Every structure is written in C-alpha cells, then in structure tokens.
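Chain by chain, the residues run as shown.
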Amino acid sequence: MRVTVRLFARLRDITGAAELAREVGPGATIGSVWRLLEGEYPALQPYGRSISSAVNADYARMDTALADGDEVAFLPPVSGG
Amino acid sequence: MVPLLAIGRAPLELELLITAASSRTDDRVESDGAVVTFLGLVRNRNLGRRVRYLDYEAYEPLALKTFERIASEVRDRWPDTRLALHHRIGRLEVGEASVAIAAAAAHRGDAYAACRYAIERVKQVAPIWKREFFEGGDSWIEGAVADPADEEARAAAERIACA
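Protein chains in written order, with this note's numbering: chain A, -12 to 68; chain B, 39 to 201.
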C-alpha cells in the first residue's frame, strides 16, 4: 500500500522534501515508516526519541497501524508562540 | 465573522479577537466582566543572538484541531470562559505579533487563568515551528515534544495558569 509522508521544519531540511510517497507492506505502522526513513536518511536518527507523529492530521502513537492512502506526519519538537 | 480559532499569514488584530471572545449577548446568563489578552511578539534578542526575523510554519489542519483541543480543555476547567486564539505563520519581523489570545469570563480570575493556560498549551502541543534568522546564521527552534495526551504536561500548564 501507498502512504504519503509529511515532514516539517528541520526534518524537512534533512530530507530535502516536505512530502514523500512510500510503498509499505501490510501491517505497516507509523514507527515502521519512520525506521524506513531513518535508513534512507541517517541524519534523522537523532530525532527518533523526540518526534511526534500524526495520521491524517490527528496525533497518533508510533504503533498505530496504517491504511492505504494515509497521510503520516513526523513532527520535530514544537516552538509555536 | 471572526473565527475564534485561526492560523494564517495576515497580521494579527487583537481587537478582533476581543470581539470574537466576548460576543455573548444572551441576557439570561451573566455577561462578561473581564477580557484578558496576550500578544506574543518577535523579540530582537534570543540566546545572546541579534534576531533579524523569524519564519513560522505549521501543520495547519492539525494546528487548528490542537487549538480546538486547547479551547475544549479551557471550557472543561473554566466553564464560563470563551477563548479566541490566532497564530500567525510566515516571515515575521522584530516587534510583530506571532500569537494573539483573548479570554473572556464573568470574572477576572478565570479570564487571567484561561489566557495563561492557553499560551502554555500552545507552546507544549501546537504543531508550529519557528526558524530564527539572526546575525551570522539561522536555526530551527525546537522546544517541547508535542504530546497532547501527556497529562503531566497539561497539569503543569494548569499549575502555571493558577499560580
């Protein structure tokens, strides 16, 4: 199945893309997509413990299972205000 | 009609938020006796650096839902308050407002607490980021790990609001 990945702030700088599309297998979770990206972009690894994640614009845990067409977002620590 | 919760590129207008938050016209209930406002501004110094400007970005649909969550938390804790919360994104110069909040309530204690709580929660959980452009370089500012379900963080915001 295919998912869209949204990346923000420094994560976008690291990957050079605000949005990526990836094929993932059945049973894929947010966490497995993150590990896939870490493999492609090792500079993401230091963020593994400090990112938040979302599916279809709702906060979601890393063990959340994904469905075809989902939009997954990875969010570095926030600094609004 | 000014929305209570918004995110966008236009300059913030506090007067509009005050009107939006305090537009209760039902004579059967107690009307507002207080509106407390907060404006967050771009400061000219940060961490010893001379700031040139900030560039804000947001995951907009999630940021709006997060504002709704914050407004709902405020209603749960201070039931008779109304909250207006607008955040600006894009390039902001020193002295410009990045966030504006108005909290209206029958009494000032609730209005002050709700306003303070809202800005603390924005900083904890809103998916918004600022990139600081200073003399000599630029860097992303990274603060809290956003987790709206983290009850400890929420309680900390409430303690600050009620201090």
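Source of the hints: derived by calculation from the structure; they are not laboratory data.
Incorrect hints may have been included.
A few chain A positions that, by computed beta-carbon distances, are all more than 12 angstroms from chain B [as the list claims (entries may be wrong)]: (1) Val(-10); (2) Ala15; (3) Arg22; (4) Ala60.
Just so you have them, the derived chain A footprint on chain B, three or more residues with Cβ under 8 angstroms [what the hints assert, rightly or not]: (5) 164 to 175; (6) 184 to 197.
Between beta-carbon pairs, the in silico distance windows are [unchecked claim]: (7) A/Arg(-11) with B/Asp188: 27 to 33 angstroms; (8) A/Gly3 with B/Met39: 37 to 43 angstroms; (9) B/Asp93 with A/Gly26: 27 to 33 angstroms; (10) B/Arg146 with A/Arg(-11): 23 to 29 angstroms; (11) B/Arg87 with A/Ala5: 45 to 51 angstroms.
For clarity, every value in this text was computed on a predicted model and none was experimentally measured.
No residue lacks a Cβ here, since even glycine has one placed at the ideal position from N, Cα and C.
*Using the beta carbons of A/Arg(-11) and B/Asp188, state whether their distance is inside 27 to 33 angstroms or not.*
About 32 angstroms separates the Cβ atoms of A/Arg(-11) and B/Asp188, which means 27 to 33 angstroms holds.
*Please count how many residues of the stretch 184 to 197 of chain B have a CB within 8 angstroms of a CB from chain A and say whether that reaches 3.*
As far as the stretch 184 to 197 of chain B goes, the hint holds, because 4 residues have Cβ atoms under 8 angstroms from chain A.
*Confirm or reject the statement that A/Arg22 sits farther than 12 angstroms, beta carbon to beta carbon, from all of chain B.*
A/Arg22 is indeed farther than 12 angstroms from all Cβ atoms of chain B, at 18 angstroms.
*Are 3 or more residues of the stretch 164 to 175 of chain B near chain A, judged by a Cβ distance of less than 8 angstroms?*
holds (count 6)
*Hey, does A/Val(-10) actually stay past 12 angstroms from chain B on C-beta?*
It holds; A/Val(-10) is separated from chain B by about 16 angstroms at its closest Cβ, greater than 12 angstroms.
*Take a look at whether the Cβ-Cβ distance between B/Arg87 and A/Ala5 falls inside 45 to 51 angstroms.*
Check failed, 27 angstroms falls outside 45 to 51 angstroms.
*Using the Cβ atoms, figure out if A/Gly3 sits within 37 to 43 angstroms of B/Met39.*
41 angstroms, holds
_Taking 23 to 29 angstroms as the stated bounds, is the beta-carbon spacing between B/Arg146 and A/Arg(-11) within them?_
54 angstroms, violated
*Can we trust that A/Ala60 is non-interface, i.e. its beta-carbon lies farther than 12 angstroms from all of chain B?*
6 angstroms, violated
*Beyond 12 angstroms from every Cβ of chain B: is that where the Cβ of A/Ala15 lies?*
21 angstroms, holds
*Do the Cβ positions of B/Asp93 and A/Gly26 conform to the proposed distance bound of 27 to 33 angstroms?*
Roughly 30 angstroms apart at Cβ, these two residues keep to the hinted range, so it holds.
Checked against the numbered hints listed earlier, the structure breaks hints 4, 10 and 11; every other hint is satisfied.
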